[in-house]
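**Student:** Chains as they are written, first to last, in the working numbering: chain A, 13 to 435; chain B, 13 to 435; chain C, 11 to 267; chain D, 11 to 267.
Some clues are possibly wrong.
In silico DSBU-like cross-links for lysine-lysine, where the CA-CA straight-line distance does not exceed 35 Å [unchecked claim]:
{"#": "1", "chain 1": "B", "residue 1": "K102", "chain 2": "A", "residue 2": "K129"}
{"#": "2", "chain 1": "B", "residue 1": "K129", "chain 2": "B", "residue 2": "K51"}
{"#": "3", "chain 1": "C", "residue 1": "K262", "chain 2": "C", "residue 2": "K83"}
{"#": "4", "chain 1": "A", "residue 1": "K292", "chain 2": "C", "residue 2": "K140"}
Don't read these hints as lab results, they were simulated from the structure.
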Amino acid sequence: MHDPPNYWYNIVPDLPRPLPPPRDPEDDYIFSRIEILPKLFPSELLDQEFTAERYVQIPAEVLDSYRRIGRPTPLARAVRLERFLDTPAKIYFKREDLSPAGSHKVNTALAQAYYAKKENIQMLTTETSAGQWGSALAYACAMFNIKCLVFMTRSSYLQKPYRKTLMKLYGAEVLPSPSDCTDVGRNLLKERPEHPGSLGIAISEAVETCMKNEGVKYAIGSVMNFVLLHQTVIGLETMKQLEEIGEKPDIMVGCVGGGSNFAGFIFPFVGKRLRDGEFKDTRFIGVESKASPKMTEGKYVYEHGDTAGYLPMLKMYTVGRNYVPPPIHAAGLRYHAVAPTLSLLIREGLIETAAYTQEEVLDAARTFARVEGIIPAPETSHAIKQVIIEAQQCRRRNLQKTIVFCFSGHGLLDLSIFEEHTE
Amino acid sequence: MHDPPNYWYNIVPDLPRPLPPPRDPEDDYIFSRIEILPKLFPSELLDQEFTAERYVQIPAEVLDSYRRIGRPTPLARAVRLERFLDTPAKIYFKREDLSPAGSHKVNTALAQAYYAKKENIQMLTTETSAGQWGSALAYACAMFNIKCLVFMTRSSYLQKPYRKTLMKLYGAEVLPSPSDCTDVGRNLLKERPEHPGSLGIAISEAVETCMKNEGVKYAIGSVMNFVLLHQTVIGLETMKQLEEIGEKPDIMVGCVGGGSNFAGFIFPFVGKRLRDGEFKDTRFIGVESKASPKMTEGKYVYEHGDTAGYLPMLKMYTVGRNYVPPPIHAAGLRYHAVAPTLSLLIREGLIETAAYTQEEVLDAARTFARVEGIIPAPETSHAIKQVIIEAQQCRRRNLQKTIVFCFSGHGLLDLSIFEEHTE
Amino acid sequence: MHDFLPGTSKERVLMVYLTAGDPCVNGNIINILSESGVDAFEFGIPMAKPKYDGLVIKASYRRALENGATLEKIFQFMRDLNLDHKIIFTYFDYAKNIGIEKFMSYVQNAGAEGVLFPDLLIDYLDELDKYIEICKQCSLEPIFFITSSFPHNLIIKLARLKPAFIYLGLMASTGTLLPITISRNIRIIRGLIGDTPLLVGFAISKPSQIMDCVRAGADGVIIGSAIIRLISQEERGSAFRENLRNYIISLKRALEA
Amino acid sequence: MHDFLPGTSKERVLMVYLTAGDPCVNGNIINILSESGVDAFEFGIPMAKPKYDGLVIKASYRRALENGATLEKIFQFMRDLNLDHKIIFTYFDYAKNIGIEKFMSYVQNAGAEGVLFPDLLIDYLDELDKYIEICKQCSLEPIFFITSSFPHNLIIKLARLKPAFIYLGLMASTGTLLPITISRNIRIIRGLIGDTPLLVGFAISKPSQIMDCVRAGADGVIIGSAIIRLISQEERGSAFRENLRNYIISLKRALEA
Ligand SMILES: Cc1ncc(COP(=O)(O)O)c(C=O)c1O
Ligand SMILES: Cc1ncc(COP(=O)(O)O)c(C=O)c1O
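Generate the whole structure from the sequences, applying the supplied hints.
**Tutor:** Here it is as C-alpha cells:
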C-alpha cells in the first residue's frame, strides 16, 4: 500500500438503526447548544457531522498532509510478543504512533485545521490535559499556518512541561487554565489564584474565546461524528494492508476514550459486516479504563458531549459529565462518554467492551515495551492488555486467531509513569 | 523501495589512500590496547573492522530487525521548509528518527547485539551520557534477548530521568557512574560519594566490567569502522530512494559526533565518486558543534578512540581526548574526534566541514520544528542549520540545487532544551 | 394527500407548520396562508419538553401552554378549520402516554390525514409495524420522519411501505440553520426512495433554499419557525398581513420555479 | 628474491622475522632456523618508538637497544651472516631521519635484498616513486607492505610495479592475534594482484594458520613474534633447540602441504 485512501468512511448510513440526533436540553428555552455550533466549528465539519454520504472525499491538501505524517502508517506484526506469549495467535498492530505529534489524534487535527484555513478562520482553540490532543492540534495548525490557542489545565501545565514545550515549538499559544484571558478564567482566579483547573474549565475558556472572537473556532479531539469520520483512515488502511498479506482479522482491539481511534480503526470493518456480512465472525473489542467505565458500567442516555456542557447532548454511554474519574496516567481515557455511533453499536451488541485498572495496564505496557521495543501511550496500553489476554486465550485453546489492534500513540512523553513504577 | 539493502558498504577499499591502522601508544611496552580488543568486542565485529571486502552481507536476522524498526526509513521532502525559506532548492531528509529508540544509533546497536548473541555473549555493556546511544543499545539487546548494562554519567542519570526510564523499560540495567560495581567506580565514590561522573569514567567502568567478566562485551556507538559500516544502510537506502524519484544530490549534509551517521549517509555516494566519478560535483558537508570543533580546528593525529584511553589510537581529526567541551545539549557531538575514514576523507579535501554554536543551532531547530512539525535532536539540528544556510544561498543565487540531509534523531526526549529558551 | 402528491406528477407542496394552541395562530392567519398558496398544514401539539425543537418552536409551545392549550381544545380547533390538508406533528413518547390507539383516533376525528412522529423510528423503531397497523385502522396515511443520519437500508425499507410522504428533517433541530449541504443530503435520500413523495423541512426560510431543495429532488418543503417568527410579532396590522402574504408568495414561487 | 619466488612456480616461502641486535638472536639460532627450513630472514632495526609493533617485538627492540645495538653494529651483523635471503624491516620515518639514500646504501652493503617500510604507503604515499627509484639505484628489490585496509586501486597499482613481493600484514600490529578472517582478506588481495608474490604475516604462529593462508592464495608466510617468544626463553639447552627445530619443521610442513 503506497498511498492513503482518498476518502473517509461514514458509518452512519450503515448503522443498524437511526442515530439519535443531537439535542438541546429539553427544558432550556433560552440557550440552544445546537444553534451555537456554527460559532464553534468550521462549516464543512458541521456538514460532515450530518452528511448522508457513505464516503467523504479527503481533500487533496489533507491527503498531502497525511502523506507528510507518514500515511499509510505501517501495519506491523508483533512476532516477538507472539513468541513471548507462546501463542499460536498472530498479532498485528497499526502504528499510529509514528506521526510527529505521536498519536492518531493528528488525523482529525489536520482535517479540522484544513477546513478552518479554507474558511479563513484565523485561529483554532481547544483544551488539553495530558497534551496529546493539544500537540496534535498545534502540529496541524502549524501545517496549515493558522494560529492555535490551547488552554491546558494548570496542573498539567506545571506537571507536563514537555507537552507544553512541544505545542509552543509548533507555534501554539499555551495558556494554563484557568487563565486571565477569559471571564470564566478571571473569575476563578480571583477566588483562587493558583486554581489547578479542570478539563471543564479549559473547555469553557476555549468556547468563550470562540464566542467572543470572530475568526476563532473550536477544535475537538473525539466524540463528534466528523472526528470519527476522519479517523477511519486508520481502518481503511488496515483493511487494505490485511488484504495485501491475505489476513482476515478475527479480533480487533482498540482503547476507548471518546472512541475516535477505536471507531476509526474498526468502522470500515463493521460497515462491511453491516452491508454485506463480511467480517461477521470478527470480534470488535473496545477497552476502557476502570477509572471511567462508561461502556461497562455507564448508562446509554443523552448527555453533553463535553464536560462543560456547551455542546449539544448526544445519546451515548456515559458515566455522566459531572463524574470525576480518579487521576490516571491515561488522561485520554478519562472522558465521560463514548461517541454516539460507537455507543449505538455497543447497544446493538456488535461491539464488546472491557475495562482494566491502571496497574493491569501498566504491566501490559511494560511487557510490550520490553518485548517489542516500542513504548505505548498509557491509553494504548489498555488495548495491549486486552490483546495479551486474547492471545493467552488462544494459547490455552490452541487457536490460530488473527488479532489486530490499534497502536494509537507512543508514550515517549509519558515515560514518567513508568519511572514511578520501574524502580 | 520496499526492503532495506542486504549488504553494508565498506568504504575502506575505495579510499584515496591507505587507512592508517590502529596503533598502540609507541612508548607503552606493557599494555596493548590492540591486544585487548578481542576481550572487548565480538569477533565478527573485529573481523568487519579489518575486512578487505567492499560489500558486507547483512545477516538475515539483522535485516529482520531492520525491517522491524521501519527500514527502509522514509526519505521525506521538506516542502514547507523550502517554501518558508523561499528557496528554489529542493530539500530532502532521511528519517532516522522514526526507529523506536529515536535515532540512527540503533542501526549499529542491532548489528552489535546480533553478533554478540551469535557468539553466545551474555551481556553487552556501554556508557552513555545524554542517553541516545544507551537507549539504542538497550533496545537492540531487548530485541536479541541479551542483557544490557549501561553506565550513565551520574549527572545525566539525575537530570535525564526519561532516558534512564526508557533503557530500563527495555530491560537494561542502568547504573549511575561512578558506580560501586567496579574498582574504578568504588575508588572515585570513596573520595566523593556524589561524584557527577564523566564519559571517560563511564567507559572505564564498562571496560573494566568486560575485562573482569567472561561473557560480557563492550558496545560502541561511533568511530569504529564497523559502526560506520553498519550505518551505511542509511546512505544505501537514500541512494536508491533518490534514484527512484530521479534526483541527484548536489549537497549532502549530516551532523558529526564521532561521524557515524554522516559517514553512513554519504559513504555510498563518496564511494561511487571514488570508484567511477559519479557524484563528483556533489558537496558533502559534515557539521560539528563549536563546542568540540575537531574537524574545523582539531589536528589530524593519532588519538585514542575513547576518552578513557582504553581503545587503540586511531588517526583522526581530534581536539584531544582530554579536551573538556563546554556542556551542550547536543551531547552526542561532544565527542573529541572523528572516525578515521571520515578524517582521511576530510584531509583529502573530499568533505567540507562547518561548526556552529548552540544558539545558532537551536534557532534552526526551532524553525524546523515549527515549519516541518518534526522535532529534531539537538545533534541533528546542526545539520539543519547548515541546510538552511545552503538553501538561503540557493535563493540568493537562484540555484535549484537538491539538498539532502540525514535527520539522525528526534528530540522528543530533549524537549527541555527548548523549554529553557522558549519562554 | 395522494390527490396532490401523486408521486409521478410534478406538483409541489408548500406545507406550513404551526403550533396548535399558540395564541399567534388563528383562523385569520391560516386564511392568509391558505390564500397565499400554502398547500397543507402541520399542527404541532404543544408540550413542556420537546425533544428536537429549536428555540422558536419551543417558545411557541410555551405560549400555547401558557394560553391554556389542552389536547381537547387543540383537536377541536383543528376540526373547526376548513382545510384540505392537515397533519399532526407530535412525539411518539407523548402519544404513548395517552395511548397510541386513542391518540390516533383523536387525529382521525380532527380530520387530519396523518400524524408525524419525529421520534418514532429513532426511539421506537420496534413499534413501526404497530404504527402502520393503527394508521390503517384509523384510515390515516403513514408518514415517516427521517434525518440525514438514518440508515440507508431503513430509508429504502420505509419507501417500500408507501407512506403518504417521507419527511426529511434537514437540520438537527427545528428552526436551527446549520451549514449542512442540504442539496447533497436530499439527492442521496431521493436516490434511495425512488418516487416516494419527499418533503423536507427544518430551518427553511428563504426562497433560495427552497429552490435548492427542489432542484435536489424534494417534492415539497415545510416551513415552521420562519412563519412562527413572523406571526409572533407584536405588530399585526395590514402591513404585517401584506408581508406575510408576499412572503408566502415568494416561497411558493421558488417552489414552482 | 625472484629466484625462489618466480610467481608461477608453486614454491612457497617461510620467512622469519628477527630483531637485529636482540641478544636472543645469534648465529647459532639463525643456523638452527636455516637448517630446519626457513627460506629467508627479515631483520628489524630496533627503535624506541615502533609504530605498528606488538608487545613481543617491542620487548625485543628494547632488549636490543639495552644491549647497545647501533645501526652500524646491526648492519655489520647482517653482513656477517651467511644467508641466501635476507631483507630489512624498518620504518620509513626512521630511514628518512638518516637519509633514505644513505640508509638504502647501508642495506645494499649489508647484502640484504630489499627493505620493507611498513609505513611507506600509509604515511609517505607521495614518496613511493622515490622509493622505487632508489631501490633501482641500489639494486634492491622493491617490497610493499600493505594491510587489508588498503585501497584496492592502490594494491592493483603496486602489483603492476612488479615488486619482489607484497607483504600483507594480516593483523593490526605484529604478534597480536585478532579474530580476523584472514583467508577472506588474502583471497581478496590475491584477486587484485594477479601472480605477484604475496607473503603474509603478523600473529602467525600455528601450522593451521599457515595452511589457511596458503589455501587462500599466499605464497609464503612470515613468522615473527612466535619465534621471538620461543628464543627469548631463559632455558636454551638442547631441548630448546630441538623444540625450535621441530617447530620450524611443522611450519614448513604446513606451508608445503
Ligand atoms: C494515544 C491516545 N490513544 C487513545 C486516546 C483516546 O481517545 P479516542 O478514544 O478518541 O481515540 C487518546 C486521547 O487523548 C490518546 O492520546
Ligand atoms: C541523534 C544523534 N545524531 C547524531 C549523533 C552523533 O553521532 P555520530 O556522529 O556518530 O552519528 C548522535 C550521538 O549520540 C545522536 O544521538
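**Student:** Among all the numbered hints in the text so far, which are the ones the structure does not match?
**Tutor:** When the structure is compared with the hints, none of them turns out to be violated.
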